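Enquirer: The residues making up each chain are set out below.
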Amino acid sequence: MPKSGARASQAQTSRDTRRRILESARSLFAENGYSATSVREIARRLGLSDPAVYYHFSSKRDLYAALLEDPEYGSPPLEQQPLTHDSMVAQVLHFFGWWTARPEFGQMLLREQLAGEETSVAFMSSSDGPWHDQITLPLRKLIGSPGDDVSAMVFDMLAGVLWDALLSYGDHFSDSVHQEYFQRRLRAMVELAIPAPPGGAA
Amino acid sequence: MTAGDPPVRSRIGDETRQKILETARQLFGTTGFDATSVREIAEAVGLTDAALYYHFKSKREILSAIWDLPVEGGVRRLRSEGPFVPSQLDAITDSAVAFSVANDHILRLMCREILGGDQTALALRQQNRAVLRRTLYESFLTVFDADEADIRTEAILALLTGVNMKTQMAAGPDFPRIAAQPAYRERIRSWARALAGLEEQQAG
Numbered sequence: 001m002p003k004s005g006a007r008a009s010q011a012q013t014s015r016d017t018r019r020r021i022l023e024s025a026r027s028l029f030a031e032n033g034y035s036a037t038s039v040r041e042i043a044r045r046l047g048l049s050d051p052a053v054y055y056h057f058s059s060k061r062d063l064y065a066a067l068l069e070d071p072e073y074g075s076p077p078l079e080q081q082p083l084t085h086d087s088m089v090a091q092v093l094h095f096f097g098w099w100t101a102r103p104e105f106g107q108m109l110l111r112e113q114l115a116g117e118e119t120s121v122a123f124m125s126s127s128d129g130p131w132h133d134q135i136t137l138p139l140r141k142l143i144g145s146p147g148d149d150v151s152a153m154v155f156d157m158l159a160g161v162l163w164d165a166l167l168s169y170g171d172h173f174s175d176s177v178h179q180e181y182f183q184r185r186l187r188a189m190v191e192l193a194i195p196a197p198p199g200g201a202a
Numbered sequence: 001m002t003a004g005d006p007p008v009r010s011r012i013g014d015e016t017r018q019k020i021l022e023t024a025r026q027l028f029g030t031t032g033f034d035a036t037s038v039r040e041i042a043e044a045v046g047l048t049d050a051a052l053y054y055h056f057k058s059k060r061e062i063l064s065a066i067w068d069l070p071v072e073g074g075v076r077r078l079r080s081e082g083p084f085v086p087s088q089l090d091a092i093t094d095s096a097v098a099f100s101v102a103n104d105h106i107l108r109l110m111c112r113e114i115l116g117g118d119q120t121a122l123a124l125r126q127q128n129r130a131v132l133r134r135t136l137y138e139s140f141l142t143v144f145d146a147d148e149a150d151i152r153t154e155a156i157l158a159l160l161t162g163v164n165m166k167t168q169m170a171a172g173p174d175f176p177r178i179a180a181q182p183a184y185r186e187r188i189r190s191w192a193r194a195l196a197g198l199e200e201q202q203a204g
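Protein chains in written order, with my numbering: chain A, 1 to 202; chain B, 1 to 204.
What the hints contain is simulated information worked out from the structure, not anything from laboratory work.
Keep in mind the model is a prediction, meaning the values are calculated, not measured.
A few of these clues could be false.
What the hints assert, rightly or not - Using 30 Å as the maximum straight-line C-alpha spacing, the simulated DSS-like pairs for lysine-lysine come out as follows:
| # | chain 1 | residue 1 | chain 2 | residue 2 |
| --- | --- | --- | --- | --- |
| 1 | B | K19 | B | K57 |
| 2 | A | K60 | B | K57 |
| 3 | B | K59 | A | K141 |
| 4 | B | K166 | B | K57 |
Unchecked claim - Distance ranges between label pairs, derived from CB positions:
| # | chain 1 | residue 1 | chain 2 | residue 2 | range |
| --- | --- | --- | --- | --- | --- |
| 5 | A | D16 | B | A171 | 16 to 26 Å |
| 6 | B | P70 | A | R61 | 39 to 49 Å |
| 7 | A | A36 | B | Q119 | 40 to 50 Å |
| 8 | A | K141 | B | E61 | 53 to 63 Å |
| 9 | B | G46 | A | A101 | 42 to 52 Å |
| 10 | A | D149 | B | T142 | 21 to 31 Å |
| 11 | A | L46 | B | T142 | 20 to 30 Å |
Cβ coordinates follow ideal geometry from the N, Cα and C atoms, glycine included.
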């Protein structure tokens with residue numbers, strides 16, 4: 001147990017535990033699906049008690065929702081750069097890269113969505129959450145009022161790219177999406193979908 | 001059951017078989033293959049389990065037969081002589097939406113089974129997409145070079161998958177009603193036109 005006065009380190013430990021719970025849950029959900037995974041299993045795998053998990057997340061659904069709003073999505077390249085067509089494209093590709101790095105999770109999510117599981121279905125929204133903050137808002141700044149519509153279109157197009165790849169490549173997903181050919185086409189599609197800012201200054 | 005000669009099917013037998021397949025396709029599509037029992041299918045058709053087993057030896061066999069059912073309406077091949085124009089693109093995306101609506105149940109089932117590793121379902125999906133891809137690509141080739149035709153084709157294919165699947169999953173059984181609304185078709189038309197860049201091509 002941390003000594004009294006070591007509050008900062010205690011907070012750090014708590015954040016670490018929370019992150020470890022999320023990671024454990026992500027891999028268990030990916031292995032067995034959302035419905036077939038219990039909070040107890042998630043806790044067991046980490047050598048924690050059930051209440052220790054419930055201290056951080058009130059329910060399995062709450063845990064799942066937190067997973068879907070993973071802050072590590074971010075580290076947005078935009079923050080260090082001026083907003084241009086190029087940096088906007090890079091931002092979108094960075095966002096998409098989060099998904100291509102986690103095929104098992106993507107498959108699990110798609111399975112739940114196809115089965116109509118509510119939290120998973122609600123997650124397919126471009127109008128709130130990290131996509132809104134990191135893609136829609138900068139797009140609005142870059143190209144003005146059409147930004148919202150373009151953002152929704154890019155979201156759906158990329159959802160289509162991801163689903164097609166998950167369905168077509170199966171076990172070869174990781175190899176396939178990291179090939180230069182796939183990445184080049186993907187970039188070209190995003191460049192095409194995001195119009196140049198008015199004035200053509202980019 | 002004995003493994004004798006296959007039964008000589010009467011017309012009534014064929015109709016029953018057809019009814020079993022249609023019902024199973026719907027049930028598998030909404031409830032999922034694993035969660036649907038042979039008994040449920042039999043009940044929905046108005047048969048006993050035994051009568052159903054006369055037509056199909058197993059649930060798997062029903063699924064295999066479903067993959068052989070014709071899918072309704074393909075993408076219309078609208079290749080005319082002149083260069084590709086926006087109204088032709090509209091016709092292609094409209095027919096892709098109509099295809100998703102007409103085959104709502106089987107498309108859901110197909111995706112689920114592909115995720116479970118069913119190779120027949122995967123081959124079927126690839127086949128459907130190949131027709132749409134070829135139609136778009138050949139049309140774009142009348143206006144753009146091969147690279148650009150390829151990217152614009154892929155972008156529109158991905159868009160159609162994304163919008164249709166997302167709506168299908170979010171709307172559940174309401175999908176055919178929602179997708180039949182003019183606003184839905186218009187949104188896809190306008191996004192596909194943006195990705196096609198045909199207007200710019202004509203202006204420039």
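Enquirer: Identify every previously stated hint that the structure contradicts and give their numbers, smallest first.
Expert: Violated: hints 2, 3, 4, 5, 7, 11.
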